[in-house]
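Starting from the structure of chain A, add chain B where the hints point.
From first to last, the protein sequence lines stand for chains A and B.
For the first sequence, our numbering begins at 1 and goes up steadily by one.
For the second sequence, our numbering begins at 1 and goes up steadily by one.
There may be inaccurate statements among the hints.
[As the list claims (entries may be wrong)] Subject to a maximum C-alpha distance of 20 Å in a straight line, what follows is the list of computed PhoX-like cross-link-like pairs (lysine-lysine):
| hint | chain 1 | residue 1 | chain 2 | residue 2 |
| --- | --- | --- | --- | --- |
| 1 | B | LYS75 | A | LYS44 |
| 2 | A | LYS77 | B | LYS79 |
| 3 | A | LYS77 | B | LYS75 |
| 4 | B | LYS64 | A | LYS71 |
| 5 | A | LYS155 | A | LYS145 |
[To be verified] Where chain A lies over chain B, by a calculated footprint (3+ residues, C-beta under 8 Å):
| hint | region |
| --- | --- |
| 6 | 2-13 |
| 7 | 17-30 |
| 8 | 34-40 |
| 9 | 51-59 |
| 10 | 76-86 |
| 11 | 98-110 |
Keep in mind that the hints were calculated from the coordinates and are not lab data.
Quick caveat: nothing in here was measured; it's all calculated off a predicted structure.
Using N, Cα and C, we set each Cβ at its ideal position, and we do this for glycine too.
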Amino acid sequence: MNQSTVEVEARLIERIVERRNTLLANAETEAENILKAAEEEVRKITEERDQQILGVIGSELRAIRDRILGKANVEGKKMLVEVREQAISRGFDEAEKRLIRIAAGEDDSVDYWGLLNRLIVEACSQIGGGEFLISANERDTKLLKSPARAREVKKLLNKTLGDVDLVVEEPRECLGGTVVRNREGTKMFYNTLEGKLLSVRRRIEAEIAEVLGVS
Amino acid sequence: MEVERVISISERLQDLLKNAEKEADDVVARAHEQAERMVSEAKVEAEKKIQLARLGQGIDEYLKEEKKKVTREAKKILKEFRNRSETSKRTAEEKLQQAVELIVNEVVAG
Numbered sequence: 001m002n003q004s005t006v007e008v009e010a011r012l013i014e015r016i017v018e019r020r021n022t023l024l025a026n027a028e029t030e031a032e033n034i035l036k037a038a039e040e041e042v043r044k045i046t047e048e049r050d051q052q053i054l055g056v057i058g059s060e061l062r063a064i065r066d067r068i069l070g071k072a073n074v075e076g077k078k079m080l081v082e083v084r085e086q087a088i089s090r091g092f093d094e095a096e097k098r099l100i101r102i103a104a105g106e107d108d109s110v111d112y113w114g115l116l117n118r119l120i121v122e123a124c125s126q127i128g129g130g131e132f133l134i135s136a137n138e139r140d141t142k143l144l145k146s147p148a149r150a151r152e153v154k155k156l157l158n159k160t161l162g163d164v165d166l167v168v169e170e171p172r173e174c175l176g177g178t179v180v181r182n183r184e185g186t187k188m189f190y191n192t193l194e195g196k197l198l199s200v201r202r203r204i205e206a207e208i209a210e211v212l213g214v215s
Numbered sequence: 001m002e003v004e005r006v007i008s009i010s011e012r013l014q015d016l017l018k019n020a021e022k023e024a025d026d027v028v029a030r031a032h033e034q035a036e037r038m039v040s041e042a043k044v045e046a047e048k049k050i051q052l053a054r055l056g057q058g059i060d061e062y063l064k065e066e067k068k069k070v071t072r073e074a075k076k077i078l079k080e081f082r083n084r085s086e087t088s089k090r091t092a093e094e095k096l097q098q099a100v101e102l103i104v105n106e107v108v109a110g
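So here's chain A without its partners, still in its complex pose:
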């Protein structure tokens, strides 16, 4: 066998093997593409299936959504309401502490004696008549029983209501202000600071919430 024959054989073998490999590689690539396309179609079928099922069970899904989100919203709103209530209560608690200082004469910004007089006149005016029994806290009772102060109050009442009789009763528990009743005990007017505070709270709670930024 000469050299050229060997070379021809070798080239022939080489070409055929190369062609075989190409054929098989192309087939593998085509197979992969076919399977990829199939996977894509399966994905679409699954997606379409899920959409259809979601459509079928829509009411159940909505019920879950409404229940969970509804609960979250209720909890969240409750949280805000609690913050609002706490802030307002804190405002009124602090105001009460300030009123205690005012009633004790520890706050120069308010003339408490003038305020007490005004509350007494207001209460007597509301009750009407000419005989009043007034009560206040221990500190104020002492003041009202002192002759000079008693004259001052009576003068003020005389000026507003005409001639009146005034009796200062035993002390009662209150922050400040007064409780006045008529002699017969048929009419009573609470004009205490805590009563005023309560009434202010009912009246301006929304305004206070606005000021505190929790409305």
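Just chain B now, kept in the frame of chain A:
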């Protein structure tokens, strides 16, 4: 003698090529079969699940998934409310004295 040898090799190589072509065709045919089977099974499975869903069966996974999704949304909502609450608390603390002044003035002047 040498020519015969070359012809013999050539024939064997042609056989090899034919086998390769057949093998390639088989690979593609198997892929087609597998693909058809995959798609067909998916269609059957999909139809079955849709039918079951209409009867209210086999929907637990969907409900569970929806619950998970909505729970995440709910957490976000609560977080927003929590942030609003914290902001409100801070504002209320800053404005406390202003509110106290207003209340005391109303009590004293009212």
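Here's how the hints hold up against the structure:
| no. | hint | result |
| --- | --- | --- |
| 1 | LYS75/B - LYS44/A | violated (32 Å) |
| 2 | LYS77/A - LYS79/B | holds (12 Å) |
| 3 | LYS77/A - LYS75/B | holds (14 Å) |
| 4 | LYS64/B - LYS71/A | holds (18 Å) |
| 5 | LYS155/A - LYS145/A | holds (14 Å) |
| 6 | 2-13 | holds (count 6) |
| 7 | 17-30 | holds (count 9) |
| 8 | 34-40 | holds (count 5) |
| 9 | 51-59 | holds (count 4) |
| 10 | 76-86 | holds (count 7) |
| 11 | 98-110 | holds (count 10) |
Consistency note: the structure conflicts with earlier hint 1 alone.
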